[in-house]
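A.B. asks: Please put together the full structure from these sequences, using the hints given.
Residue numbers (the working numbering), protein chains in the order written: chain A, 654 to 1413; chain B, 14 to 66.
Errors might be hidden in some of the hints.
Which residues of chain B face chain A? A few of them, derived with a C-beta cut under 8 Å, are [to be verified]: (1) I17; (2) L32; (3) F35; (4) L36; (5) S39; (6) F44; (7) E45; (8) D46; (9) V47; (10) E48; (11) G49; (12) M52; (13) R53.
Derived from the structure by calculation, the hints contain no laboratory data. We treat Cβ as the ideally placed atom computed from N, Cα and C, and that holds for glycine.
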Amino acid sequence: MKNSETVDLPTCEFCEQPIEGLAVVKRANREFCCSGCATAHEMLHGDSGYGPSPELLSKYEHLIVTSEAEGLQKYSSTSVIWEVSLPAIHCTSCLILLERMPEWLHGVNDVRVSFSAKKAHISFDPTQISVPVVAAWLDFVGYPPFLITKKHTNSGEITKLGIAGFAMGNAMMSAFPEYFGLDTSGSSELLLFFRYSTAFFATLSLIVAGRFYLESAFKAIRGKTWSLDIPIAIGMIALWSWSFVLLIRGTSGGYFDSLSGLIFFLLLGKFFQRKTYAAFSFERTVNDFLPLSVFSVDQGQFTRIGNLKKGEIIELAAGSIVPVEAIANDAFQIDYSFITGESEPVRGEAGARLLVGGKLLDQGLHATVEKPAQSSTMENIWKETLPDTGWVSPRLTAIFTITVLVLSVIGALIWWQIDASRAIEIGVSVLIIACPCALSLAAPFAYGTAAGIMSKLGVFLKSGRGVAALAETKHIAWDKTGTLTSQNLIGTLKVHLAQYSTELAAIVARSTHPVAQGMYARLQIEVSNDTSIKDWKELPGKGIYATDAQGRDWFVGSGAACGRPEGPTYALCDEELVAIYESSVRYRAELASLLADLLSQGIQHHLISGDVPRELPEEWRTVFGDSIHFECPPEKKAALIAPLEHCVFIGDGLNDIEAMNKASLGLAVVEGKLGYFPQSDGIVFAVYFDQFPKVLRYAKRMAFSVKAAYLLSLLYNLTGVLFAVLGLLSPVVAAILMPLSSITVVLFVVFAAWVFAPKI
Amino acid sequence: MNIIFLLLFFSLLIAVAFLAAFLWSSNSGQFEDVEGPAMRMLREDRKKQSTNS
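C.D. replies: Listed below in structure tokens is the structure:
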């Protein structure tokens, strides 16, 4: 009965909190605690016709063909689960709003958000709601969905690491009694029990977790390359087989505990190296940008891009991306900035070719498929990044491995003279102790920790490898469009004849050119569905020509095209000056000193831009010197970067993919909002850009620390080999020396990473 | 002396039980999202409230 008191309190329809006092907001017979809740409820429940616009719905229409490959799992005719990536997820409210989706969208049964991966599993009834509608609603509430085409899980790695840790703990535990002098005479059964259980745990670890190294070494040998996995695998095999011999002979428990420790540390290093930001997707494929399907006029339905045939007629809506190479059946205007980097839209007549990746402006059209998917220009731009080649260079690995093998043979030969019965033991001991475990741990731990620290300075690298690449930087290639300039291009507008403002706004509103858009923004006049403007045309490099309702001729464009001084943009009505617009491209303010700072670190700057030539501030000219390149299509950008060694490319958009792959490190500058991640080796947040020289200096210090750590681990190896050659290596020495070397090297680099960390 | 084998057997049993628990939690995806559950608990439980009333 006590509960009845709380029940009587009215609760808010939206947030379900009890409504306190008189603060009741009533809307449509529902009670809310505040107007915020009321509005949110109205929006989400469609009470006042809120919901995705028809344009938004049509934007996702192509998802109608979504299948298993895109994360859609069918359980029954009335239940499917769609796994989708929602990069905009960032806080608790996001999670709560999305998980309450069944309450505000009819047909959705359940939503489970995976916060760290920024994914959602949406379970819905396909007879009541379709994928495009769900997608449009997600976009409407602020979470534009991205399809998941590649499954990526790291649970297997965690499992392996867990098993290796378990095996190491137990193997070492059961090896202890012997080290501490378990009386061998009295309790041989107990001793054997401990020995065999140690062997069991180490073998389990080798089979489950260590197998990877053996396989990887085998692959490297077959591929005739040197990888550090080869000496590691040799060491592992030597450890296991010699220990097995010792165990069978009954001389000692062998080195099984060292083996299990070795495997665990190696896996830990690998885990650290791969520790990436699950929320960031660095791997982008063409399919993330192209629509999944397109409306085929011939078939009368949406068809997967891959199933289109040559000669098929497709319908492309305004604002859609061209998914296959096609011949236009109508006149069109298209924006190729995705592929060429050129911001000027291109106009074409019927019969002209539409290239993949172009975005249709103005109006939709019908087109005839020319080349079916997979053979387009876009695919060529997107090349697979090079496979991982290990931290230590193949040459160094080769020298190391051969030296170890030679030392092992020499050791065995010398002992052949002294005591032939111990020759094999000595040879194997050298192989065991020289296993480059610590050597292979130094770089992953150093750079992994450093990458973590860099993320606090707004630099997110795909892997620790990026830190090593940063440390070697000799050249920086800057892409001007988005990197050096801020995306906000609004300049100053001087209006001379205010009575013409409405017409001017109508004219510039139609253009997608940044200058026209800037003028439109400055005019602050809303234009919608304007039909009074006739004969509107835009000539690249000149400007816009149009005629208004009163028959006056308009021109908005450059000084050169109307016989006035170069620089600003003029708006003329019947040769009369209406307005002057200065498009001040805003260069990132902090950049001048930043560039100079980098220059003092011995880095050469290059300006490589897809834009038309523009005026540069004087101090920049001195920084870049002769290396200023304008009007570079993606291939030329890549060609300019290819000969530069240790070149970091800093760009922004999709059109930089090829250049990013050619450079030793490709960084993408991201402005504020998370939600779109270009393919790159790393992401730099624009607001943290001034920290970049610090980050670079830090990377260099870390590279130095890694070299020092290499030296340290080589010293350990040398000591170990000395022990082995002198015939002093026993399981106890190995059990101490091997983990000790790994731990000290790891501690050394992690400590260095914290000490050198730049202060924010 | 035999009692030590029994003790060892039990200690190993416990260790294996922990390993099994770890494998189960790892395979059921408990390490995939380590941030979400902490936020989810902030959310009011709708069903509980409605059953109370």
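A.B. asks: What hints, given by number in increasing order, does this structure fail?
C.D. replies: Failing hints: none at all.
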